[in-house]
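Please put together the full structure from these sequences, using the hints given.
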Amino acid sequence: MREFLMMICPYAIWGIVAGEVVIAALLFSLSARKKSKVARWSGILTLGLILDAAIIGLGSILTPEALETVSPVRFIAHGLLIPLLFPIMGYSLNFKKFLMFIVWSFTLVLMVLGVLQAVKTPLVPETIANVTRMKAGEGTPKWAEAISRVLSFGTVIPMMIAGVIVWIKEKTPHLFLSGFFMFAFSALGPATGNTDLIFFISMFGEILMVLFLYLYARAKCRRMKI
1 MREFLMMICP
11 YAIWGIVAGE
21 VVIAALLFSL
31 SARKKSKVAR
41 WSGILTLGLI
51 LDAAIIGLGS
61 ILTPEALETV
71 SPVRFIAHGL
81 LIPLLFPIMG
91 YSLNFKKFLM
101 FIVWSFTLVL
111 MVLGVLQAVK
121 TPLVPETIAN
131 VTRMKAGEGT
141 PKWAEAISRV
151 LSFGTVIPMM
161 IAGVIVWIKE
171 KTPHLFLSGF
181 FMFAFSALGP
191 ATGNTDLIFF
201 ISMFGEILMV
211 LFLYLYARAK
221 CRRMKI
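Just so you know, we're using the numbering used here here: the sequence shown kicks off at 1 and counts up by one.
What the hints contain is simulated information worked out from the structure, not anything from laboratory work.
Take the hints with a grain of salt, since some may be wrong.
Below, simulated PhoX-like cross-link-like pairs (lysine-lysine); rule was C-alpha separation at most 20 Å, straight line [claimed, not checked]: (1) Lys96 x Lys37; (2) Lys225 x Lys34; (3) Lys169 x Lys96; (4) Lys96 x Lys35.
See below:
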């Protein structure tokens with residue numbers, strides 16, 4: 001399995017980028033036609049994932065100097081946009097205005113912290129499967145590591161919980177599956193002894209996450225007859 005992943009990595013990354021571009025287009029189309037807030041913010045989140053995957057994909061093309069210049073953008077976009085999962089959950093759960101105000105306030109604080117941890121994280125190059133990427137290096141502040149963990153697992157676990165509630169209320173598993181696949185593929189690397197490939201393996205979770213967000217947003221619009 002490892003050899004297969006190593007072989008397809010540079011090509012599969014661009015396939016994932018292409019797939020996420022299609023999903024983003026579907027989400028923004030749904031948002032424009034149905035005024036779906038879940039679709040709108042999911043589309044914006046997907047743009048961040050596209051940027052993240054594209055910059056990693058460029059690691060097989062760019063010089064180390066060029067990669068060092070563009071890579072901070074990837075970390076900043078991740079810290080800025082991943083917190084959008086919280087308002088997406090709020091709109092999925094049909095929170096009223098006051099609860100959404102609280103959710104958005106928390107999200108904005110987390111966005112600021114996400115950007116700060118990205119800026120304060122020293123980056124070092126790592127090459128694997130013919131792809132060079134920048135990753136967090138030694139000297140990363142403990143608080144930045146904590147924020148990074150919150151952005152990784154502190155978002156998808158609440159998403160699965162929200163997905164179970166939505167599944168019960170709306171009879172659709174899509175939101176739960178969105179969080180589940182992101183969680184599963186993030187854990188798959190370490191579970192199989194391929195921690196160094198987690199950046200690649202988790203991309204499959206990311207594209208499945210936004211695909212099921214699209215399927216959920218579409219189902220929600222149909223259920224509400226928008």
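Right, here's what the structure says about each hint:
1. For the suggested pair Lys96 and Lys37, the alpha carbons sit about 13 Å apart, so the restraint of at most 20 Å is met.
2. For the proposed pair Lys225 and Lys34, the alpha carbon gap of about 9 Å is at most 20 Å, so the pair holds.
3. Proposed proximity of Lys169 and Lys96 is supported: the alpha carbons are some 16 Å apart, at most 20 Å.
4. Pair hint Lys96 plus Lys35 holds up; C-alpha atoms about 17 Å apart against a cutoff of 20 Å.
The structure agrees with every numbered hint stated previously.
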